[in-house]
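Asker: Using the hints, build the complex out of the two chains.
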Amino acid sequence: MAEKKEQFEPKIIGFLCNWCTASAADLAGTTRAQYPPNMHPIRVMCSGTVDPMYVLKALLSGADSVMIGGCHPGDCHYVSGNYKARRKIAMLKQIFKSLGLDENRIWLRWISASEGPEFARFIRQITEETRKQGPSPMASDWTV
Amino acid sequence: MQEKNGAVLVIGAGVGGIRSSLDLAESGYKVYLTDRSPGIGGTLIQLETWFPDNQCELCKLLPVFSRDECSQVCLRRDLMHPNIELIPNSRVSKLSGKEGDFKATLNIKSRWVIEERCTACDLCAQVCPVEISDEFNRGLQKRKAIYVRNPQAIPNVYIIDQEHCTKCGKCVEICPTKAVVLNKPDETKELSVGAVILSAGATELPANQMGQYGYGYYANVITNIQLERLLADAGPTHGELLRPSDNKPPRKIAILQCVGSRDMDRNYCSEVCCMYALKESMMLRERYPDAQVTIFYMDIRAFGKDYYRYHLQAKEKGVNFARSRVSRIRENPKTKNLFLLARDEAGKSISAEYDMAVLSVAQCPSPNLTELSKVMNISTNKWGFIDTPGFYITHTSRPGVFVSGSASGPSDISETVIKSSAAACEAASILAKSQKQAAEKKTVHKHQTGKEEDVKIAVYICQCGKEISSIVNIEKTKEFAKKLPNVTSVEDVGFLCLPETLDNVKQAVAKSGANRVIFAACAPYRYQRLFSDALAEAGIDASQWQLVNFQEQLAWVHKDNPTLATRKAQNLLAMAAERLRTQGPLEVPTAEMTHNCLVVGGGISGMTSALSLADQGLDVTLVEKAGELGGHSRNLYYDLIPDNPQALVKGIIDKVKSNPKIKVLLNSELSGISGHIGHFKSQIKSGDKVEQIQHGAVIIATGASDYQPTEYSYGKDARVITQHELQKRLAEGKLGKPATVVMIQCVGSRNNTHPYCNRTCCSEAITNARKIKELSPETQIFILNRDIMAYGFKEQYYTQAREAGVLFHRYEPESEPKVTAGEKALTVEWPDPALPGSLEIDADLLVLSTGYIANEGNATIAKMLAIPLTEDGFFKEIDTKFRPVDVILDGVFITGLANAPRSLAEKIIEAQAAAQRAANVLSREQLTSGRIISEVDKRRCSCCGLCVEACPFDARSLNEEEHYAVVEETLCQGCGMCVSVCPNDAAKLRGQKEKQVFSMVEIGLSA
Chain A
1 MAEKKEQFEP KIIGFLCNWC TASAADLAGT TRAQYPPNMH PIRVMCSGTV
51 DPMYVLKALL SGADSVMIGG CHPGDCHYVS GNYKARRKIA MLKQIFKSLG
101 LDENRIWLRW ISASEGPEFA RFIRQITEET RKQGPSPMAS DWTV
Chain B
145 MQEKNGAVLV IGAGVGGIRS SLDLAESGYK VYLTDRSPGI GGTLIQLETW
195 FPDNQCELCK LLPVFSRDEC SQVCLRRDLM HPNIELIPNS RVSKLSGKEG
245 DFKATLNIKS RWVIEERCTA CDLCAQVCPV EISDEFNRGL QKRKAIYVRN
295 PQAIPNVYII DQEHCTKCGK CVEICPTKAV VLNKPDETKE LSVGAVILSA
345 GATELPANQM GQYGYGYYAN VITNIQLERL LADAGPTHGE LLRPSDNKPP
395 RKIAILQCVG SRDMDRNYCS EVCCMYALKE SMMLRERYPD AQVTIFYMDI
445 RAFGKDYYRY HLQAKEKGVN FARSRVSRIR ENPKTKNLFL LARDEAGKSI
495 SAEYDMAVLS VAQCPSPNLT ELSKVMNIST NKWGFIDTPG FYITHTSRPG
545 VFVSGSASGP SDISETVIKS SAAACEAASI LAKSQKQAAE KKTVHKHQTG
595 KEEDVKIAVY ICQCGKEISS IVNIEKTKEF AKKLPNVTSV EDVGFLCLPE
645 TLDNVKQAVA KSGANRVIFA ACAPYRYQRL FSDALAEAGI DASQWQLVNF
695 QEQLAWVHKD NPTLATRKAQ NLLAMAAERL RTQGPLEVPT AEMTHNCLVV
745 GGGISGMTSA LSLADQGLDV TLVEKAGELG GHSRNLYYDL IPDNPQALVK
795 GIIDKVKSNP KIKVLLNSEL SGISGHIGHF KSQIKSGDKV EQIQHGAVII
845 ATGASDYQPT EYSYGKDARV ITQHELQKRL AEGKLGKPAT VVMIQCVGSR
895 NNTHPYCNRT CCSEAITNAR KIKELSPETQ IFILNRDIMA YGFKEQYYTQ
945 AREAGVLFHR YEPESEPKVT AGEKALTVEW PDPALPGSLE IDADLLVLST
995 GYIANEGNAT IAKMLAIPLT EDGFFKEIDT KFRPVDVILD GVFITGLANA
1045 PRSLAEKIIE AQAAAQRAAN VLSREQLTSG RIISEVDKRR CSCCGLCVEA
1095 CPFDARSLNE EEHYAVVEET LCQGCGMCVS VCPNDAAKLR GQKEKQVFSM
1145 VEIGLSA
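Protein sequences appear in the order of chains A and B. Final position of the first sequence in my numbering is 144; the numbers increase by one with none missing. Final position of the second sequence in my numbering is 1151; the numbers increase by one with none missing.
To be clear, the hints were calculated from the coordinates, so they are not data collected in a lab. Each hint should be verified, as a subset may be incorrect.
Unchecked claim - In the DMTMM-like style, the derived pairs of lysine to aspartate or glutamate whose C-alpha atoms are separated by at most 20 Å in a straight line are:
| no. | chain 1 | residue 1 | chain 2 | residue 2 |
| --- | --- | --- | --- | --- |
| 1 | A | 88 | B | 1129 |
| 2 | B | 878 | B | 861 |
| 3 | B | 703 | A | 128 |
Next up, chain B with everything else stripped away, as it sits in the complex (with noise of 0.2 Å):
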């Protein structure tokens, strides 16, 4: 075997770059995380909020075990893993080798800025005499040369914009910390890599370019990150919706769909935008009752799991729905008000005045991604996203290179986690191997010092130049600081973040035998690692030290009030001494692993996690319901990804028998199942037999079961059948010829009884449509719809099939089709709403478009693992965003139909983001928890069980024996909802203690 190299380059540091690093970085690999932007975020950071809650939740992205290792800090804000290293403002200039033996050539632009030294004291930019368009806010605010993009970012060092910069040395000047150095030269770095991840993500359409709206000449004219930026509370308007042209709130707002999408130069569906489009117009039916909010599209597609149910929200809240398109807007040069010019769905124009339009522009490739597919020689589509051969779409064409996110086609949140998780297990699987190239973990020699009179607390203060000393009262607060219960030293220094200090700070505690310190300085995660490291050196734990803000929370927002200001300082300094105080040293638990992975399901999905799980060494039973591997996928022939699905299933099936390291046990059932992640316990049901097995994780992948039509006379009259019937009839070359064949969408789906979208039934039919076309070209066809779900680059092949002569109509779900059945055809009746009157057609065949429903059996299983269902019986993910393959119980994972509809292709990722998910925890030696956890006073507690139903993660149970609580350490993610909850006091977080609490709250009080 070939010595491979442990390392992956991740390039693009937005959503799916970080879950990839972190994905990989978790399972013990080292990753180089690039990006071009000064910080990571990406586009979503631009965002605050998304579909379902309208809320953030990107933190849900941190990992749960051995979290103490990784930044426990909102993920806007910073990332921080021992295995991830992350290069910002660089670019891959050179890309040699081969999968398993890379070496990428870096350029690392320099900020011109010292990092290390910047204070983020915003003197520099004050003096700035440049100013020009922020970038950040899509141009709705000023900025200077020397400036920070993001300003939630850790750290927050200023960089300066080469372009426009003129050189005047003002800031070198100003700057107190002599961090700007001007020309300061660019570097270059070398990186051996096995693997490389490109998620460099896509930009928006330069919306000038679709002149017709007047994007650029109108004011009130706007993109849909502009209106997110103006509806942040950290925007530039401070989330009030301004008209740029009189800032006045408007009333009439239109919000235009597939700006530069679904049209001629790009042929292809830009996938995020209805949804996006959604949310905003219920913010701003929220925020503005009187507002009135109309969306102007052609189709809404709202395709994803309880996507539908969003779009009909947005119904009841209010948001207005027209279907057309918009083919220009004119201003009134006046009231600066906008005529929109459009054609209603019956070809009526209309002319409507709006006070304020907003442009969903196309996702498309950026200049960046461009340049990295030459640098790299990965092939790129006709519209310039990464090229992906085949169902595997998160290949390229160069081996050992993946692609996830919006690279290789506009991708939503969710997909784009799916995707990245999936490319991160691709590379897994090549380096797998290889030994792995983890970071160093510091050894800490703990302080033994559990007693409150042994403690001996350090206290230094920084002074940061000027910016807090000439507001907090240094010497006052010094003074104060001496007189607390077991603080030994206080020292004030002049920049504590400074290398040399912070070196010297390092001798001054190890010398001095303090066991406790406090930093009193900015942001407890600016340079909690540098300051983490620096102790660990000395000899203090990382729970024994603590940063209290005198910065961002004190300096800098009372800059009118010194002597409250000071009194605050005080308090704050004297609650921490207390904290520390009581504070014995934290020990993080562990528990034993067992490495291997019970797969519930033998279809595709289950099948491919399988096989990816046993690509990185890890082995697996899979059980299978039935006599034979396959599922669903068993039945399908073609696919609008022009590859056979016949030759991939059976290649899949082979590859999973002859693989040693799975166990497939046909005709089997999960009958049973205990335990936690780690170490679960199953009893797999075959027939009589009955055997026990024990494994660290569960992947369900049970899919879900054909949707049996009871419309239509369907299973009465022979001419009525299913989508899947009729790709069978054309593999089988059984259809013969003829002469009119009408499909009818969303039949028993987005319905009363199923409201939500089957994904891949539209595909199914263009699908069929065209296989028909091309044997039979003079077979009319026409497909009856409600919305042609045709997302991405499904939109090409939706042309092709209106160019090979297919008719799409519409029908509005409240007046469905009806069907009567002659002798000689069935007739099919419906009200057209673009033509007038209704519509009769003779067919000699009709096909439904049926979808999936969930499978009864599911209930079974999530009653067997105390998991929730949806409302539609699919398993429930914890969090559809940032953990779509996830459930709330650790160590289960969902993936297939049995999570939610998807096409062969989607199945296939998110098989690979489950597995993934799995070899995280089961690649480990053993599962670390984090420090504060809680834990139980078994004196105190009287087992009533409050704590267990308030707990989130089912860390907790009861010993009915001998009465009282217990808790799972490894599940327990310490949020202290059972502290809240306990009656007597027995539940309690460490570092956490109602004790302390107590006593910080007095303290906080008596200055």
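This is chain A alone, in the form it adopts within the complex (with noise of 0.2 Å):
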């Protein structure tokens, strides 16, 4: 218990289209899949919406990493909105990059709405990842 306490937890934000990873999350409760409670979900209606300025006012905000969750390429409600957000996020990535900052915190991910278990698994792992990394700089370095 008190090694849990120690334990550094992430803040993490998580953009999810409506169509496809809002319904998987669903589909992980239903199915009991289980995944540790650090992601908080905004429900947008497409992973396109997610402005590059929404991801950086996140981790600005003390976010320590972003999670945007859409539909598989050629499955988009929009016909192609997650194209869209798969170069704006390239793009953003790019920049951090630049920047000297870590777009190891960004995460883009296509899961579909039968995909719970994947949704879960997901959630687990950019958990883990963002632990290792440690909290993130970018809330206490940067005002805008």
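Answerer: This is the structure:
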């Protein structure tokens, strides 16, 4: 128990697409797949609506990592939103790299509505990886 | 006029039933959607992916307009529409009356669980002592006698399998809400409907009937549905393919086609299996690149739009193809590996060892369908599928009863969707004159509060018995919530969903004067309608309350970490409160509707669409380039369907000409079009005259052109003709009695220039060959082919042609037949893969099976409307599977050869489908969009145009004069793509403004 208290508990913000990833999160629940409670979800209509600014805002407000969950490529309710999300996040990661920021704190994942177990697996992964990375320095180092 | 009833009964809630129901519901009719299983989705929900992207996209069936009325959630989970009454677990036991006035009796089987009281806590299943094989996963895992069929379904209500329940009573005892009632009696329900649509689907042939493959004895022989379940992430192995015998990943996998179809008993082609075998093989190759996958097949029938490309894609991905029918499978008892015994095309015997064999089993009628056909007194064909007389393949032997999907023969998704919209169209035509009996809409008197300081939020936290309260510290969470800004009350309740609790909450909300409500309970959709209705009565509009998921996304998934789970609970509440606090009322925008339709193209497709719309009371302008109606179909004299195409076409032309609702413009062309759905403006050019018309929708049925072959000296040698020309000669009795006729298939198609299958030429060749044999039995006929596309029931005619002595020989695309023109005859030479060396035949007549190529004019129309074309120049649909006649621009529909090559009967249903899709919007008083749409902050907009490019639905344009972007509100579907590209924060999404997101993020990280 004492060990657990000392463990760093990352704060993660997740932007989940209404059609796929948010449904997968519910399916993980109905099948009782277990994962750590560190990710706080915000449901958006499409992963393509996630402005890179949202990601920045989350990191600057104290998130240790940010996830964006969308439908698999080829399967967007709005035709091509996830492709646009992919480009934007790739661009954002590139900018992070060139600024010397840790682009590994941004995670884009395609999780379809039927992939409840995959959703749980991924949340376990992002939580563990973020825990290893330690607290993000962005919130304390940067002010806008 | 006899008074008719405005409701329709749809039997079967698979993809077909859903499509028909939504089409009718959107047009304003009441629909009773029944299914004998506990939920929606039919066969489809057992599969996770399909052609062409190997993804799902089922949600694309959902309506675009008035979308807030319908569920806005994954369609695998739920379907909610005010005009649709979903009646699961039910069977039709009687149907009396006639077209326009049916009485149907439904037997609704009791779940033995009270739906309103079940919270899906799973305690009952945990204590249930009965374990049986799980049908949903095709026996690959076990389930209890009290269970949920599909964990994704909403409501996630348990059901008791009465056949296996021992009535031990343990579930009754443990149920915290007293939801389980053993022996709860079944109910019956009487329905009055004007029409019936039967879309009860097909089932797979029990694989153990094909004893030679050892299914049921050999552990590693599985069916294709079992393979789908094994590859499914939510399946028994979480998507990992493991051999049932030893749980090891298989390295060599064989997929066997035509298991139980195309044989003596079932002389039809199962139609769907080639495409799913291609899909499964590609999935296997992608996931397990080391795996060897071989498809054993007779013909790869990839005949649909872009299916041939998919076939090529599978080849590129390294899937092996073996043209051979496996005669039997034997197992090595030690390793459990399988020996496949077969002969290859040249007759050499093959014996190969595989780790696993997948059987593509035939689609066949279910016992349920047989029962239904008897109850409803409609005739079936010799295999037990519903009989469809003539060219109208949604008709049955009983007027007013229509059939769609696989109930009338194996159909893939897009075919099912087209048939279902066509069936809806037929039903709507019958009911059009009747008073619409749609569900009454509840009027919500809205709270006017937009100012943040006036917001009063009431929070209700559901304990769900102990399900939530044992994980989340409710007291702490309540204390936390009370301190949140604008929160005026926080209550916790035992079970929020129970009718009595909900009633109390409703009254409390009304009394408290709260104008925003948060429910912390289970999945945000589960009780959406329940809560929505309850709150509407309390005066809370749908945009002013929120559900926070404390169950599926919290209590059920964080069982071992209550401390952090409570932190998350608090954060989620704070975030929801923040969103509501900053959320003013959201108005639903509406637009005016012009209730008439423009149909471009007067062939069979355009005419059928026009007639279907006119039958529903809508005005139509039909524009035809030529001087007469009929198009390509005028040249059709025979069809595989034993009916007369000429009489059909003539009949339709007469009906169109005499219909007062249809204005026909001959020798005319569409020369310009502008505007959007509901208010298009078009210019129609007839000679020098240009006419302006206004219309609400447009159907493009401009057809295609005949391919003019350059191969085989066509046009130079009179002995070389096309199938169309042959048919004309046959009809006019000018063929004579040639000694030898050679037909060559795939001339100008399935090659590099035209990499698509023309779908109709194999049927045409078989039709013509049979006709020749009928007129001149001595004539020798050779049909040189690559794959014979005798899909569905066409297979029987392929067999009959062979029985009549028509010889089918294959050729490989790499070694096409060579033709030498001699004085007496044309010598055709080619290597037949089944025979050694080359074959040489002297033909008196060489017939080329040529298909269609896209019209050059397509590009002009596409440019005018800013809609895309396929690589082959045909119009591109928005979604191949689920919206096959819709294009990216709302209000524009495509049908007939302009979309893709199709047979006569297929053109008719597709045209009806396009008409119904158009009628869905045209029959509305006005066009209603959704609450969540984008808007422009004019002061911030720099008119850069990035949002215009980003918008997938063409909903944005630029007002260059005033210098800002404009949103066409009815076209906007609320995806928010514009928001994320706008550099100035001028594009905003109602209900999700950047300010809201930012403050939610901050708050979500604060605790």
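Asker: Against this structure, judge whether each hint is valid.
Answerer: Right, here's what the structure says about each hint:
no. : hint          : verdict
1   : A:88 x B:1129 : holds (16 Å)
2   : B:878 x B:861 : holds (18 Å)
3   : B:703 x A:128 : holds (18 Å)
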